[in-house]
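Engineer: Each chain is listed here by its residues.
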Amino acid sequence: MSSGAEKFKGRDIISINDFGREDIEIVLTVADKMLPYALGRKTAEVMRGRVLSTVFFEPSTRTRLSFSTAMLRLGGSVLDVGDITRTSVKKGETLADTIRMIEAYSDIIVLRHSSEGAARFASKVSKKPVINAGDGTGQHPTQTLLDLYTIKKELGGIEGKTIALLGDLKYGRTVHSLAYALAKFNAKIILVSPPELQMPAEIVREIRESGGDVWETDDISSVIKVADVLYVTRIQKERFPDPEEYLKIAGSYKITTELLENAKKSLIIMHPLPRVDEIDVDVDETKHAVYFKQAFYGVPVRMALICLILGEVGWW
Amino acid sequence: MSSGAEKFKGRDIISINDFGREDIEIVLTVADKMLPYALGRKTAEVMRGRVLSTVFFEPSTRTRLSFSTAMLRLGGSVLDVGDITRTSVKKGETLADTIRMIEAYSDIIVLRHSSEGAARFASKVSKKPVINAGDGTGQHPTQTLLDLYTIKKELGGIEGKTIALLGDLKYGRTVHSLAYALAKFNAKIILVSPPELQMPAEIVREIRESGGDVWETDDISSVIKVADVLYVTRIQKERFPDPEEYLKIAGSYKITTELLENAKKSLIIMHPLPRVDEIDVDVDETKHAVYFKQAFYGVPVRMALICLILGEVGWW
Amino acid sequence: MSSGAEKFKGRDIISINDFGREDIEIVLTVADKMLPYALGRKTAEVMRGRVLSTVFFEPSTRTRLSFSTAMLRLGGSVLDVGDITRTSVKKGETLADTIRMIEAYSDIIVLRHSSEGAARFASKVSKKPVINAGDGTGQHPTQTLLDLYTIKKELGGIEGKTIALLGDLKYGRTVHSLAYALAKFNAKIILVSPPELQMPAEIVREIRESGGDVWETDDISSVIKVADVLYVTRIQKERFPDPEEYLKIAGSYKITTELLENAKKSLIIMHPLPRVDEIDVDVDETKHAVYFKQAFYGVPVRMALICLILGEVGWW
Chain A
6 MSSGAEKFKG RDIISINDFG REDIEIVLTV ADKMLPYALG RKTAEVMRGR VLSTVFFEPS
66 TRTRLSFSTA MLRLGGSVLD VGDITRTSVK KGETLADTIR MIEAYSDIIV LRHSSEGAAR
126 FASKVSKKPV INAGDGTGQH PTQTLLDLYT IKKELGGIEG KTIALLGDLK YGRTVHSLAY
186 ALAKFNAKII LVSPPELQMP AEIVREIRES GGDVWETDDI SSVIKVADVL YVTRIQKERF
246 PDPEEYLKIA GSYKITTELL ENAKKSLIIM HPLPRVDEID VDVDETKHAV YFKQAFYGVP
306 VRMALICLIL GEVGWW
Chain B
6 MSSGAEKFKG RDIISINDFG REDIEIVLTV ADKMLPYALG RKTAEVMRGR VLSTVFFEPS
66 TRTRLSFSTA MLRLGGSVLD VGDITRTSVK KGETLADTIR MIEAYSDIIV LRHSSEGAAR
126 FASKVSKKPV INAGDGTGQH PTQTLLDLYT IKKELGGIEG KTIALLGDLK YGRTVHSLAY
186 ALAKFNAKII LVSPPELQMP AEIVREIRES GGDVWETDDI SSVIKVADVL YVTRIQKERF
246 PDPEEYLKIA GSYKITTELL ENAKKSLIIM HPLPRVDEID VDVDETKHAV YFKQAFYGVP
306 VRMALICLIL GEVGWW
Chain C
6 MSSGAEKFKG RDIISINDFG REDIEIVLTV ADKMLPYALG RKTAEVMRGR VLSTVFFEPS
66 TRTRLSFSTA MLRLGGSVLD VGDITRTSVK KGETLADTIR MIEAYSDIIV LRHSSEGAAR
126 FASKVSKKPV INAGDGTGQH PTQTLLDLYT IKKELGGIEG KTIALLGDLK YGRTVHSLAY
186 ALAKFNAKII LVSPPELQMP AEIVREIRES GGDVWETDDI SSVIKVADVL YVTRIQKERF
246 PDPEEYLKIA GSYKITTELL ENAKKSLIIM HPLPRVDEID VDVDETKHAV YFKQAFYGVP
306 VRMALICLIL GEVGWW
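Protein chains in written order, with my numbering: chain A, 6 to 321; chain B, 6 to 321; chain C, 6 to 321.
Hints are supplied without guarantee of correctness; some may be wrong.
As the list claims (entries may be wrong) - The calculated label-pair distances, taken between Cβ atoms and stated as ranges, are:
#	chain 1	residue 1	chain 2	residue 2	range
1	B	E243	C	R213	55 to 65 Å
2	C	P41	A	G9	44 to 54 Å
3	A	R26	B	T99	30 to 40 Å
Note that these hints are calculated values from the structure, not bench results. For glycine and all other residues, C-beta sits at the position ideal for the given N, C-alpha and C.
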């Protein structure tokens, strides 16, 4: 292992913006080493006796389960704090005190919270490393890392690829973080959304200033022809005052096999899941569909982070 | 181990009707090997690094806990998906997508669902083996296997025994599956129920056609004298429009020490639990009571299934 | 290990009043051996294959998590029975039947219940050892043991120390148990509470009869000067019909850095947590604050109890 891995030891994972391109590449390289363990083909004991706590102030099955499996596959244990809002928090305990309790019982804390900034705050309180598993409209860095890993694995690399982000780009935490990260890899980013759900101008400006090549359009069919990656997100009904309007827009952003007829053969379709009906189930049968694989890739990526943070590197 | 065990590898466990008598006997034989591990007298490591997911769309403490303990006693890990209806499913995720997510995080999936056919459907979606832990009014095959194991352990065998099924035979999934399975062992099946709660004629006919020796009566006291097994089920208040009628019937089907005075010395009383007051607590002190042991026998039987399905045989 | 440890094997832990001083000292001595394992500096495998069940009829995050971590750090597994009131209990299952189910699936049962006496009752039903994790207004013996351990660790011993119990001494289960235990160590106990929340006269009398040196006052500032330990509890709003009265009293019992100016340098401040605002957050930064450490000390103390009860001694 290069000396780069050592700098992760004891580090908190709060925002993808804290990661340089080199950092990201270290994580993705270690994730590759984790693959056979994530698949259950090899057995690891490296986290034996260590405890990872999952502290979810909001439910998030996929994220919680994949962190849990990651720790279990490494031979460690998981402490699920459960529905924390029902207990100490209800009695009036502050987040700081809750975190101080949990750090006493674990080696690493995975936190999901409804308020932006909660993870950063928790990391300052805690002497044990904190991983942000989503803080409201803020960050969800491990989702971004698994998205990048998926692109790398499925397309052989990220550099120079054309990645279309599709759907709700206004409220989608996932696509914001991913766009920032893609800019570091000189990817071409195409934003495709209804006018009501465009990516905030400030984010677009920041990505461009950091060197990102960003294009905006609402013409899906022309994008399909050039894209290497189609990253689809859910358009939520609640965003539209008029249900008719919602149905019209959601319909025109739905991915179908017909729409894919002119796509590159190598096009991959991603989705952070759960999917409702943004992607027709017929698409699942095509080679383009990688969204379930993408969910699985969360396991090796999170295994890599756990190993790096707890300083267990080079054993693979 | 005979070559019979190998055919379980990778197999789904959906319905007891998928099992031939020989299959059942393999499971019960392996369950016997699991006993010292289930009791905690020996320690197994054979499932180290493997993950079993419990996916319960309906709560079922006993089934969930005994599957969990079975996996833990084998050295494996358990991922409890928890109250899945609160999260992805609430956002509109389909069962197929939920299963595809969970298979990415585990080696074997235990599913409880409220809809008949859900487990079969899940097994078709999933590349990982699925065990049906009850699907609505459908099947609950591991309950049947533990029921058969209990009879075998406590009476030395199933062949030719007289087994009385008592109480609600109309809605009781457990007794339907058990009756089908008992027919394969040439057991004599006596159905004892109030007229409102008789076993559906179609099921009785099917069991008879498959060679089962089935008798029906509503006279408990005469049955008590001849039965080797009294399998008691709960009569649910909700089944009766008239509360008076419910009380009268429930009362006349209650098992008491007085009722047992003319029973065979070797009679065993079983119950899938939880019991409300179908069996008087005084009966607990008699040698007839095996219902708590029966609950325990779920552990070795489920350990046997996990080992067979994941292809870990012969190590005991 | 002296022969004293053996007598814990298979024992239930129901009330601190069942413990003699020598028993307590054995637990605290073993807890010391557990410290490096509790901190994750050493790895233990001694509970491999064993299962501890957490059965919480009431939520209690801190207690549940620290028992769980204790078992995990020893290499064992934890079975969280979860929200038991939603399932079997809802169907009408008795506590006795629930316990008989859980003992079939585990080696040791940790029970939290809302009714005083529930743990004693469960221990009579169960063939597996039961640890009381709080039964209503009754006992919470492992809290008392961790409180004693904290005093011993932080002050070098308990004998002869001056311990002020502060706040709600009427309803606080924690302070009642602690007072009984402190009397066995010839500590000087000072009770400081508003008149509405004084320790019940009967308890004071019993402690005095057992040789305890108990003083009562409502003058915090004079107590601060002499105390070695300030054990602060939460004053609950619900205890006061008049919100104004509550605010006045809660305010006058709040621990601040100003109040501590005349304290002994070595004074330690304890709190069973969660804290609401009985202790100002500024106090957290002082050397007096040991309440988060106290929460951590629950881990080695519970590890010690698990090892003693399951007869795994001397391996450290």
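Engineer: Hint by hint, say whether it matches the structure.
Structural biologist: Here's how the hints hold up against the structure:
1. Distance hint check for E243 of chain B and R213 of chain C: the Cβ-Cβ separation is about 57 Å, which falls inside the suggested range of 55 to 65 Å.
2. Checked against the hint of 44 to 54 Å, the pair P41 of chain C and G9 of chain A fails, with Cβ atoms roughly 31 Å apart.
3. Under the hint 30 to 40 Å, the C-beta atoms of R26 of chain A and T99 of chain B, about 37 Å apart, fit the expected range.
Checked against the numbered hints above, the structure breaks only hint 2 and satisfies the rest.
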